[in-house]
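Protein chains: 2
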Amino acid sequence: VKVYLNGAFVAAAEARIDASDRGLSLGDGLFETIAVAGGRVKRIPAHLARLKAGAQILDLRLPWLEAELAAALEGTAAVNRLSAGALRLTVTRGPGPRGLSPPAKCYPTLLIAPHSGAPPAGPVRAVIATETRRNERSPLARIKCLSSLDNLLARREAIKRGADDALLLNTQGRVAEATASNLFLVLEGELVTPPVADGALPGVVRAAIVAALGAREQSIAPEDLSRASQAFLTNALGVRVLGAIDGRPLGEGKPGPAFAKAAAVWAR
Amino acid sequence: VKVYLNGAFVAAAEARIDASDRGLSLGDGLFETIAVAGGRVKRIPAHLARLKAGAQILDLRLPWLEAELAAALEGTAAVNRLSAGALRLTVTRGPGPRGLSPPAKCYPTLLIAPHSGAPPAGPVRAVIATETRRNERSPLARIKCLSSLDNLLARREAIKRGADDALLLNTQGRVAEATASNLFLVLEGELVTPPVADGALPGVVRAAIVAALGAREQSIAPEDLSRASQAFLTNALGVRVLGAIDGRPLGEGKPGPAFAKAAAVWAR
Numbered sequence: 015v016k017v018y019l020n021g022a023f024v025a026a027a028e029a030r031i032d033a034s035d036r037g038l039s040l041g042d043g044l045f046e047t048i049a050v051a052g053g054r055v056k057r058i059p060a061h062l063a064r065l066k067a068g069a070q071i072l073d074l075r076l077p078w079l080e081a082e083l084a085a086a087l088e089g090t091a092a093v094n095r096l097s098a099g100a101l102r103l104t105v106t107r108g109p110g111p112r113g114l115s116p117p118a119k120c121y122p123t124l125l126i127a128p129h130s131g132a133p134p135a136g137p138v139r140a141v142i143a144t145e146t147r148r149n150e151r152s153p154l155a156r157i158k159c160l161s162s163l164d165n166l167l168a169r170r171e172a173i174k175r176g177a178d179d180a181l182l183l184n185t186q187g188r189v190a191e192a193t194a195s196n197l198f199l200v201l202e203g204e205l206v207t208p209p210v211a212d213g214a215l216p217g218v219v220r221a222a223i224v225a226a227l228g229a230r231e232q233s234i235a236p237e238d239l240s241r242a243s244q245a246f247l248t249n250a251l252g253v254r255v256l257g258a259i260d261g262r263p264l265g266e267g268k269p270g271p272a273f274a275k276a277a278a279v280w281a282r
Numbered sequence: 015v016k017v018y019l020n021g022a023f024v025a026a027a028e029a030r031i032d033a034s035d036r037g038l039s040l041g042d043g044l045f046e047t048i049a050v051a052g053g054r055v056k057r058i059p060a061h062l063a064r065l066k067a068g069a070q071i072l073d074l075r076l077p078w079l080e081a082e083l084a085a086a087l088e089g090t091a092a093v094n095r096l097s098a099g100a101l102r103l104t105v106t107r108g109p110g111p112r113g114l115s116p117p118a119k120c121y122p123t124l125l126i127a128p129h130s131g132a133p134p135a136g137p138v139r140a141v142i143a144t145e146t147r148r149n150e151r152s153p154l155a156r157i158k159c160l161s162s163l164d165n166l167l168a169r170r171e172a173i174k175r176g177a178d179d180a181l182l183l184n185t186q187g188r189v190a191e192a193t194a195s196n197l198f199l200v201l202e203g204e205l206v207t208p209p210v211a212d213g214a215l216p217g218v219v220r221a222a223i224v225a226a227l228g229a230r231e232q233s234i235a236p237e238d239l240s241r242a243s244q245a246f247l248t249n250a251l252g253v254r255v256l257g258a259i260d261g262r263p264l265g266e267g268k269p270g271p272a273f274a275k276a277a278a279v280w281a282r
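In the order they appear, the protein sequences are chains P and L.
Under this note's numbering, the residues of the first sequence are numbered 15 to 282, in order.
Under this note's numbering, the residues of the second sequence are numbered 15 to 282, in order.
Any given hint might turn out to be false.
Identical copies look the same in the list; a pair holds intra-copy or inter-copy alike.
[Claimed, not checked] Pairs of lysine-lysine, DSBU-like flavour, derived with a Cα cap of 30 Å:
1. K16 / K56
2. K275 / K56
3. K119 / K174
4. K66 / K174
Hints are computed from structural coordinates only; laboratory data are not their basis.
Take these sequences, add in the hints, and give me the full structure.
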């Protein structure tokens, strides 16, 4: 396995980062998880557009042309003969001295790692996370940044409670998203998804489904979940039925027509 | 300059971390900033106790004895002949595969880096951060974790607005702390500090001052700030007068008796 690191392909087992990298010391960076299917790296422009938007929010000047990043992604898939799986692209602000303030001149780190194998499929049993909340009052809720510990805490709570994943509530008690995917519900026959203002990450596949199926952004209260006739979770790697929440089956519990349409959008 | 990395001293310029380290990919780790003064590493037991408490919240099993960590800290100061400055101790969950879930067996990373020179002194001009909020609903508000981007955003806002630092409000609008220090105020003759439940990091020096001077934990509204006769910020590296907020001088604007007492507690 080879990863792309700052302009060169190196064996994954030998890939090393400067110990003063701000990605490590402060979570000061961004990432994208990008699907590879049929040997094709999917939705590169949408992923790079989100990366760029995140970099603007962090004032992180990316020194690479979009075409360079796209070539690095394609190259990582090709060098590893990756036909199905994912690429994780990580960008950090690069090395820096101690403290929050970045150095005057930054040399960002770029890492692209391949991951083969299909992502988990089948219905998700979720819980509503009780230990932590998603902070919709922070700009970080709208970008895919390295500071991911809240999602990690929620995922861990789910596993401890015998589930697969957790839904995160925001600080006002509205449902924001799952730990690594967006939520869609069919409520009274209409496809809805939590708004970005409520703490939903602006997912690349979420946007594609909203555009293709005309889903509406609507705040979701935890009580709304039991009224849904269908529910599913989406991220770059696929679409999964949300089968149960806090141990209670949700909706019809099996893939419905909205799920099938969303899965078809993902597969494009 | 030499850093301590996983059991050995290595030249800082050559210190490297595995590119799959979860500290880098997910901010999955903890840190401590520890003062060195007069050649002495200060408050080691308190820092290691907080590290341990944070590790428990993250389910991060630390494979080192407290005495080993203390020796590594003392050793890093000694090897670098550090008489005044700081040590930054960073612990991560170590390398792992893609995704939030940690591997079955983790090999945590331990890095201790020395930083010489006195920390900034003199009065702090602060603003109240408007771009982000501290999430007091997350357990992360109570630990010193690597996912530090909200504090970084607030600090950047302060610099852009011509100030030195920012005070963060929590999601309910109460004052939680500054970007890398705790807040103390003298209100109606009484020394008060925001409670941990409001999102104040349980600072090591904060705890020492609360214990020594009998400061009271009390929720602080932004309006309360203008009523303070004295205000100061504390962290492991020292105590500084808070001289102005949003451009308005605060209190008497010069070191008062409470500040002097707090500075003496720090100097112990």
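Against the structure, the hints come out as follows:
1. K16 / K56: Classified as within; 20 Å inside a copy, 44 Å across copies.
2. K275 / K56: within (18 Å within a copy, 61 Å between copies)
3. K119 / K174: between (44 Å within a copy, 17 Å between copies)
4. K66 / K174: So K66 and K174 pass the 30 Å test across copies only (21 Å; inside, 36 Å).
Of the numbered hints listed earlier, not one is contradicted by the structure.
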